[in-house]
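> These are the residues of each chain, in order.
Number of protein chains: 2
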Amino acid sequence: MIKIALGQIEIVPGRPDLNTTAMLTMMDEARRQHTDIIIFPEMAIPGYLLGDTWEQLAFLRECEECGRKIIAASHELCVIFGNVGIDWHKHGDDGRVRKYNALFTATNGTLCGQDNFCYPFRIKTLHPNYREFDDTRHFYSLRKLALELNQPPSELLQPINVIINGRSLTIGGILCEDGWNDDYPLNPLAILNAKAKLDLIVNISCSPFTLGKNNKRNRVFSKQAANFGVPLVYVNAVGIQNNGKTIYTFDGFSTIYNSQGEIINGCHNFQPELTIVDIDDPAINSTYNNASTLSKDDNIDSVYQSLTYGIQKFMEQTGLTKVVIGVSGGIDSAVNAALFANAIGAENILLVNMPSVYNSDTTKGLSEKLASNLGCRYAILPIQDSVDHTIKQITTSLVTDLKTGTKSTLEVSSFVSENIQARDRSARVLAGMAAAFGAAFTCNANKAEFTVGYSTLYGDQAGFIASLGDLWKHQVYALGDYLNTKVFPSPVIPQGIFDIVPSAELSLAQAVDEGKGDPLIYPYHDYLFRAFMEWWNRATPEDILTWYAAGELDARLGCEAGLTAKLFSTPADFIADLERWWKLYTGMGVAKRIQAPPVLAISRRAYGFDHREAQNQSYFTSVYYALKARLLSTK
Amino acid sequence: MIKIALGQIEIVPGRPDLNTTAMLTMMDEARRQHTDIIIFPEMAIPGYLLGDTWEQLAFLRECEECGRKIIAASHELCVIFGNVGIDWHKHGDDGRVRKYNALFTATNGTLCGQDNFCYPFRIKTLHPNYREFDDTRHFYSLRKLALELNQPPSELLQPINVIINGRSLTIGGILCEDGWNDDYPLNPLAILNAKAKLDLIVNISCSPFTLGKNNKRNRVFSKQAANFGVPLVYVNAVGIQNNGKTIYTFDGFSTIYNSQGEIINGCHNFQPELTIVDIDDPAINSTYNNASTLSKDDNIDSVYQSLTYGIQKFMEQTGLTKVVIGVSGGIDSAVNAALFANAIGAENILLVNMPSVYNSDTTKGLSEKLASNLGCRYAILPIQDSVDHTIKQITTSLVTDLKTGTKSTLEVSSFVSENIQARDRSARVLAGMAAAFGAAFTCNANKAEFTVGYSTLYGDQAGFIASLGDLWKHQVYALGDYLNTKVFPSPVIPQGIFDIVPSAELSLAQAVDEGKGDPLIYPYHDYLFRAFMEWWNRATPEDILTWYAAGELDARLGCEAGLTAKLFSTPADFIADLERWWKLYTGMGVAKRIQAPPVLAISRRAYGFDHREAQNQSYFTSVYYALKARLLSTK
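Residue numbers (the numbering used here), protein chains in the order written: chain Y, 1 to 635; chain L, 1 to 635.
Please keep in mind that the hints were generated in silico from the structure rather than gathered at the bench. In this text, all values refer to a predicted model and were calculated from it rather than measured experimentally. Note that beta-carbon positions come from the ideal geometry of N, C-alpha and C, so glycine has one too. Among the clues, some could well be false.
What the hints assert, rightly or not - Computed, partial: chain Y to chain L, Cβ under 10 Å:
#1 His-89
#2 Gly-92
#3 Glu-148
#4 Leu-398
#5 Thr-400
#6 Gly-515
#7 Gly-517
#8 Leu-520
#9 Thr-540
#10 Arg-593
#11 Ala-614
#12 Ser-622
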């Protein structure tokens, strides 16, 4: 009988002290339950997303010291954990000390694994270098080590042999991406399996939540276990980690598969948990395998869970307890208010409505109704006086040309005055109110707005976190509906907020009561923008126009069939719209995102570190121009 | 006789069309001058820093097509150039189409090089994965290809054989980092040299300006040429490229070394140039080798050149012609105003002074004198009325608790009111004035302020570019002096601006006329912060305190000897200061930098993409705490 504990800890990134304590506590509990092996996530001690903290030698020494504490505590218990593995005598490609993303195995106070490898730990072979990952910047992979040592990687990939209860166990220990080898020229697990009859496969991970990822992971890992006929333990962390611009939740969902590839047990998502399994008793745990733990993970339920957990943990990590949210009577701010009220308590939230002359009684009323339904604090701070003062000051202040002595004044256009309103709301009122309330204020922008910079810098784009910044507009509506029907006992977001046309209400041209609003047609632009920025191979105007010309566009984008034909009566209209938004996405949108708040990520591609970009000129290819000329001339 | 042209073009990143035209034009000129070989920089066609644009298949096809145009134009001229090399039949580690950072050689309309390699181009072996570089995210290296093909890298590294004027030439073609192999386990040039007697070494680069880099490059490349006894041609680009958060200038300085390692000719810095050399006549060109082209490149003269060029190009690339600069009478805004006035013309600049009750007549007078000396446009927009209105509105607006019905009001502390002033200046006045003037406004913050977030978000931290954001305070002073004495015919920055104490003038505690100002003691903190963020192995409180205890700190940091002893009378004082700034650097400073404007980089480490960071908790190691306890108890 071998009892294995899945040590799904919450990793606090950059806090080896706290993480080590959490591990030691779980090890004690595991010992009390007569566990043989406890397994912790990848980079359990330091955390994974730390930016360039890896360049601090004192931090590296601290991680090593914490690792020694875990090793020393491995009496009567074999412990497998992730930490940075350091070779102080070698250097990386950057000339800094050599660091590996490593898996350590210890028992009776001693590290195992140096019987068949040059280090008493195992190192990651496949370094993800896409999305938000940055492994190759900091760590030396097994592939690089193989080149350096002039050996094939297959020689270096070695199982770990341990003695548990007098029984010799051969473990294939891998790290995260090593189990996702489809696109790589080598398969670490197949190599390990060919080396020896494995008793157990261990995959330690630090894998962020992504919509739809867990179902895929279950398919991939289940197949691995079944193919090799070996039980597989996947241990992931919970908590949040960030890359500055992008905040990731880690959902845990640590799982153990039997040698037939069936899930026999696991940990629940978004909570630290110690789950103990006897791998010689591969019966399926029906308590774990119910719908709630293994539900479809690409639906709005998952979005809600991840965002709520992310908000709670981000507040905790930054030491904030209260927030100020500007509410306009529109859907984005309403959903954000309901999300925060549910996550951190209505009593910690101050909703602020900031009407100008352009705000309708409709939206003012809806804001107040929302606040009342949620039971938050509420204040109304009109901005018209301040906006009038600013416009007057700008248009009457003398500008003196000190070369010629001539004096003049400036003019404020309608567009300029719209942005003055937006900045007055955020940088003047919300920032001031938040500081006075001992809080931070949120950014309520959605992903479509982020894409084309349809928000004002230092205005509605400002805030300490963009909690809806990775949701397309249709997802914002769906989340609002979910909050109303599944989360709160009775609907909190008034129906009127769902029904009105989305509008910034910054001018008479955006009067909601006349059905006027945003220039964005979300049922189409949500999908167009998704193709621009979210697809693995990103669509450009050349692709879009090609599909449009072939009559395939709606199907390709995944929007409602016939929609583009309905929206654009001529190719010229279609092209004008396409070019307008592409220029904004690759132009002002970039400039604005550089100064945007961090986004709470849920998708396969969120803005920030997962969407690296340069502030360059917008580009259309020569093929695009040729196609455009053809379409416009045939018209 | 072999005539070689160094095609130092300006690369416009993401504009293959423009870059191809620039190359074709230079090729025509080279042909007119009977040149045999023309060499262009690395990634000459697409540009180098493009973020994730590499994921757009249409963009890749465009680059390939542009490459074909260059190849087709290679009649009577051998052309060597950088472009993305695509293998449409293979994929990278991310599953996307395989891309190489490649060197192409063409003559008579045909690519050379497939006689001894699997592609008709050469690929980069060493991918830099430090600082701002991100090669491994997008490109497949020769090291990876070697692993995939199960061959040692040395087998794949092959010279290129071309026939020029009926003479067979063996060229060792490498890309940028391949020539900087010190920290890597293999040396591409040594391998190539061992393969065949090389006639020429070609290093095509896309290498950003960094203070002090050119002198090092000259030492390294000169040694390579001499060691192998082969002439070496280094071709670099000019222009600017950016990673969103960080803007780099490319200084060119393309150089040709003879087989003794002496510089025989080259291009001037920061300008496109075609320089033609006969490599069979290795005489040293005395016109090129004068003090101005090969001057010391780590002095303030280089800083001035790089910043000026960067400002000009960034304005050009973003389509801006005018700027608004807030001037306070302090050194940062004064230096920025002089820098911009010189770079883009005083007539395009509107300086705005925004006094509150806390601003002294001294600084108001100095601002006006500065504007007058520069001959800019000038306006005074006081902020006190607006600030008073905001404070009154915040403190008198009723906050209703909608759960209980209780009403209350908020209070504004002195600290909160300071930030209200800063935001009023930037987000209200400067942003509004800039929009009305058809301009953008600058961020005047320096690197010390960036380090610890000593600036207000949406306030003085805002702006479209932080042109001084990579300069420590002492460098700002030095640049001001340089502008006064070397750039303008007579001093433009009044002496009083150099003489007053640096101060934000946001409260009575910061009254300059009483000598009160910033809490930052720049002659010490500049150097402390540099150790935190700029050193290759970054110093942490543990290191700092260790050196302090050993009496080595001033020498280690490079600040004035005896300074720490003078500033801090007790270890407790020293420790309080250290912890205060470390917490800000790793805490609020990070949160602010996430939303900071792009920084114009000059140093080995600028904020942004070259200083990746996560918004985590501040950390002190256990060794630090032990040392602190010892120091405080022995006192």
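> Hint by hint, which ones does this structure get wrong, listed from lowest number up?
1, 6, 7, 8
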